[in-house]
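Each chain, letter by letter, is given below.
4 protein chains.
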Amino acid sequence: MSFNTFGKIFRFTTWGESHGVAIGCVVDGCPPNIPMSEKDIQIDMDRRRPGKSKFTSQRKETDKVEILSGVFQGKTTGTPISLIIYNKDARSRDYETIKNKFRPGHADYTYLMKYGIRDYRGGGRQSARETAARVAAGAIARITLNKLIGKKFKVVGAVIQLGIIGCNKNNWNEKIIRKNPFFCPDKKSLKLWEKYLLSIRKAGSSCGAIIELRASGIPAGLGAPIYSKLDADLANALMSINAVKGVNIGAGIGAAFLSGEENSDEIKKIGSKIKFKSNNSGGILGGISSGQEIIASFSVKPTSSILSSRETIDKKGRNTKISVKGRHDPCVGIRAVPIGEAMMMCVLLDHFLLNRAQCN
Amino acid sequence: MSFNTFGKIFRFTTWGESHGVAIGCVVDGCPPNIPMSEKDIQIDMDRRRPGKSKFTSQRKETDKVEILSGVFQGKTTGTPISLIIYNKDARSRDYETIKNKFRPGHADYTYLMKYGIRDYRGGGRQSARETAARVAAGAIARITLNKLIGKKFKVVGAVIQLGIIGCNKNNWNEKIIRKNPFFCPDKKSLKLWEKYLLSIRKAGSSCGAIIELRASGIPAGLGAPIYSKLDADLANALMSINAVKGVNIGAGIGAAFLSGEENSDEIKKIGSKIKFKSNNSGGILGGISSGQEIIASFSVKPTSSILSSRETIDKKGRNTKISVKGRHDPCVGIRAVPIGEAMMMCVLLDHFLLNRAQCN
Amino acid sequence: MSFNTFGKIFRFTTWGESHGVAIGCVVDGCPPNIPMSEKDIQIDMDRRRPGKSKFTSQRKETDKVEILSGVFQGKTTGTPISLIIYNKDARSRDYETIKNKFRPGHADYTYLMKYGIRDYRGGGRQSARETAARVAAGAIARITLNKLIGKKFKVVGAVIQLGIIGCNKNNWNEKIIRKNPFFCPDKKSLKLWEKYLLSIRKAGSSCGAIIELRASGIPAGLGAPIYSKLDADLANALMSINAVKGVNIGAGIGAAFLSGEENSDEIKKIGSKIKFKSNNSGGILGGISSGQEIIASFSVKPTSSILSSRETIDKKGRNTKISVKGRHDPCVGIRAVPIGEAMMMCVLLDHFLLNRAQCN
Amino acid sequence: MSFNTFGKIFRFTTWGESHGVAIGCVVDGCPPNIPMSEKDIQIDMDRRRPGKSKFTSQRKETDKVEILSGVFQGKTTGTPISLIIYNKDARSRDYETIKNKFRPGHADYTYLMKYGIRDYRGGGRQSARETAARVAAGAIARITLNKLIGKKFKVVGAVIQLGIIGCNKNNWNEKIIRKNPFFCPDKKSLKLWEKYLLSIRKAGSSCGAIIELRASGIPAGLGAPIYSKLDADLANALMSINAVKGVNIGAGIGAAFLSGEENSDEIKKIGSKIKFKSNNSGGILGGISSGQEIIASFSVKPTSSILSSRETIDKKGRNTKISVKGRHDPCVGIRAVPIGEAMMMCVLLDHFLLNRAQCN
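Protein chains in written order, with this note's numbering: chain A, 15 to 374; chain B, 15 to 374; chain C, 15 to 374; chain D, 15 to 374.
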């Protein structure tokens, strides 16, 4: 029920503002006796961290995570794991522009409407900085699932559409994803994407993206019918990420365009294994995992902070204009890859534990 | 947390199987002193009910809703409202086909994997029959919001894409929506849709659909940052509907293809009113309503029960084939319109009450 | 979070008023494949039912429970179990007295203050009739725990204090409990209790009671530290029963009077078994079960509906008097025994499932 | 649902172990625009802090609270308030005794049984050190309620029974409570209590206590029927405090000994005010506040860590003996006063907000 907590049994609560002392996260419900270290969690933090290439924000956030509780002698104890990430590069620059004007596409206006008060420094709580805490929680979920399910468990995300430029998903290659700054899965698209993004950055503009997530090694039976469906929980998780506007499971929005025959994922036993002939369902039927790869994708809108002048109003309701300078990502969608992975891993662990409770 | 309950403060729990005695719903958290009657709820029930045209299932469900508690002398008392809908037309036909085989695209396989037991009669709990209970809860939400916000509050849904055939959203006309069996908003598309759907029905095939929902009269400030975002809760609500595979808020998946300039919903004060020059955000910024119309859409996959023979396995794991006869909708997406409206209304009332709690 | 739902994973939602059509309960989260029948549940219903002896209310409620969903071919399916109990003996007598006056000790006044509306027929939702639904849920918990833990699992309750008359707990005898109308565990107290209660009934007065619950066969490790402690959840469960004013775990309120030496439950290994030399803890340490018998007790205030004239006010705020006639129990505490047992069994099953989720 | 979170709308999550870097608390759901400062919160922290008199533990914990988020320019923003308290005086003394033996009355044994791992340093998560975080959350609730309800709102706690020595509650005097190290409300008992406690301390023994809490200024209508009753939530809150074994509301356990006539709190209108002639209900009827003073009490068992040698077993299951030295409180009940107040204030704020949501 709470506003800043995610999950049912494996739950995490995040806190902190963009320009406060620190941000953090309390992870509750992690099983005991899971080997856990700051170093292991840091691996995922480093994937999200900005300032790594010229295609993302040039802010120098080290995003170093510290464990404050819940781990004893290198293992989880079953008690809450408190994580803290100090804010290092919160420049005390001039926020006068943001302070008195509402940036279009940002939550400046709605926060003030709701709360009657707003921490305007760097977006306050609405800042995407909060997602660092999610990535930390996701790392804990990853480590735990690897222990509980085994090494076959894996969640991999990639950008499959960069603004108006797509890529060939048939060329999906995990090694390529790890090596390029766009999380692009298709080697052949790299050059074009680089050119495209540089041109956008140069123009002070921005573009959106579509990210696809693939989870393998997930047993059949996770999820629940009706209001804790695995797909409904994934939709909730992914739509909660800043700037996300659409979520697909399997064929997703495209399912509307298929015929019953095309959409039907036929089943076949080959040897001792049950195989589906296609995966339009995204590995989920009736809200429950089928044992197939779980596939979800989500769209991220273009970065709202752009150089071009836009019409808006100020706090007093007067018409004015705004142009947002700063160290912004030309495409926030790129950095959404590890965040999407993190949210998916948290949902999967949560349902793994729920299933353990409900079914023998 | 529970598997069959939806909502935070305004919560409803549904129960019942397709071929049991009855299905029902317990609505908790509805404010007191709201005028409420079976007749008022029945209006929405009748919109979902099958058997009304040749384009939907020919099952004769009367779907008559009865109030068992929580209403006294025509008003809600603040205590739980229990609703029951008896199953009338559950034919005791032969289920041998379904009983021993897994229908592709259905949850037969995953239910058995999860629970080790399955009520195969008409799909049991996985049946879309459960959505009748949601529509009843949605009707209570509608009546309550009309009382709390006023008559300006309205949620209207329409089918905007029928399989491969779209329509012109600029011709959106509520009167037209109410008068045609497809919930199509565009008068000009009716003829074509009718032909298309008849041909699909004749072929024993099926098609998908995209439904758009529009809520007006919603004050700014509903929703909450981070993990109770209005859009994330809507995504969860809509993805929980049977056969839904994708959810968009505002520009949705399409937001990925826009530039920062195009996507930015500029703000302008005109007279004493704050106006947004576009609505790519779907009326939600940072998870909080902006006062604009709230717009969400979702895709429904084609009906899985089709006449064509499909490959599958039986309970013993042997390869076999299946062809599903019966009184199925050629496009389940059509009947998803009132269900989507119901879920949206429940989310909106829930956040209206939550906001009352958290902010003065 | 919701107002009429109890539990975390094994959850039940009750609904209904004293004089409505029916009352009922939806049980969610019950594991699948548990043999379940109306007959089995009815056993517990019959223990709570009034009208069985001259010492309880003479209302003729048959309290026949019907299963509407969630059970297929004699086994639970993992989907919600909906139970209904029709109200049979709701006499349409004159409620004018209750309607316009506030009965001292009842919730008439507070319901109206809160909701601004009140279903005055037989107490409406505040009626102890709601507890029939709890007993049904408790029966499902009992049957499930017997299946999951085995026959060694058992919860037994008894009245250990009837108004000002106690009994000798050392004579605790389960056979005796089952055979007398007071749930008294001590054969030697029966005569005295009978005389005492008859005199109270004759005088139109009422008395309170203390009920003790003992659960055996509970493995060590159930419960959780801090805010889901087994004892805290039991306190919540028992205090939620109508008319309960105090809850003890183990030594309870009496623990305040013990010295550290007396209170310390020393531990000893005898053979291969770990034994505690006493059980002041009530089988719970740090919120987690120790493997000892779990012992809780609770006090029930005297029935508020008495014949003696009491001062009160009416709805218009005028001073007046009230004397409540009717078929009331002289000691509602007696019928609280199966209700307390039911609540304890629900808490234990809930924690059994939670523990399965959190710990391997 | 989670293990380390308390509350429904006003929720706090605590984390941290006795001998970790720090402990802390994330408070979610606090309304915006409430003036809030570390200094204000510290007032309550200082009341709980040990080492203030010779009657409590001589540990030197400064318990300085720091706000990490959620407060901007001296006011709450509606976003999560993260609080941290660094552990200062966690002596790295020898824990060998505790490490390998189970202290009777402590949760050493049950934690290991549940989790298969235990942070033995100073009790780890089971340490009463966690209660410092509750007191911080309670301070936020106090400040918020004072702003929302006004200065008439007040919660005052006192020790009314110190081991076997009681006091005269008729002499209840708040000034006295604030000035003596026992939170004793009765000036006449101070001398005797001092002597008694010194003798216990000298003997290396310990005693229990009963604490009474009184809340005034609470409007009628807080709470909810059935499973979110104000009294049931208070029982849960108080029973969750370390070492608490019993909870009373109003007459509490004593209600069992009253007759219906004695227990009935008659109602009278005097001038324009509604007055109850007694308060056996503790200000709560049917789970809803009546506008009377809300009165709850709870018993705290004697400190388990005592000097006397007790029988126990070690981790390998061998019989052994234990005698716990250290800087322990002879009566932990004394320091439970501000903790009980904190929990009560959190419950009251939670229900105040809930009521705002549900009723107009």
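Possibly wrong hints are sitting among the right ones.
A pair counts as met if it fits within one copy or between any two copies, since identical chains are not told apart.
[To be verified] Straight line, CA to CA, 25 angstroms or less: simulated DSS-like cross-link-like pairs of lysine-lysine: (1) Lys102 <-> Lys78; (2) Lys161 <-> Lys330; (3) Lys205 <-> Lys168; (4) Lys216 <-> Lys68; (5) Lys287 <-> Lys216; (6) Lys113 <-> Lys282; (7) Lys201 <-> Lys216; (8) Lys291 <-> Lys193; (9) Lys68 <-> Lys113; (10) Lys189 <-> Lys168; (11) Lys283 <-> Lys335; (12) Lys282 <-> Lys330; (13) Lys113 <-> Lys201; (14) Lys201 <-> Lys330; (15) Lys282 <-> Lys201; (16) Lys339 <-> Lys282; (17) Lys89 <-> Lys329; (18) Lys161 <-> Lys209; (19) Lys283 <-> Lys166; (20) Lys287 <-> Lys113; (21) Lys68 <-> Lys102; (22) Lys287 <-> Lys329; (23) Lys209 <-> Lys189.
Source of the hints: derived by calculation from the structure; they are not laboratory data.
- Could you tell me which of the hints above the structure violates, numbers in ascending order? 2, 3, 5, 8, 9, 13, 14, 15 and 18
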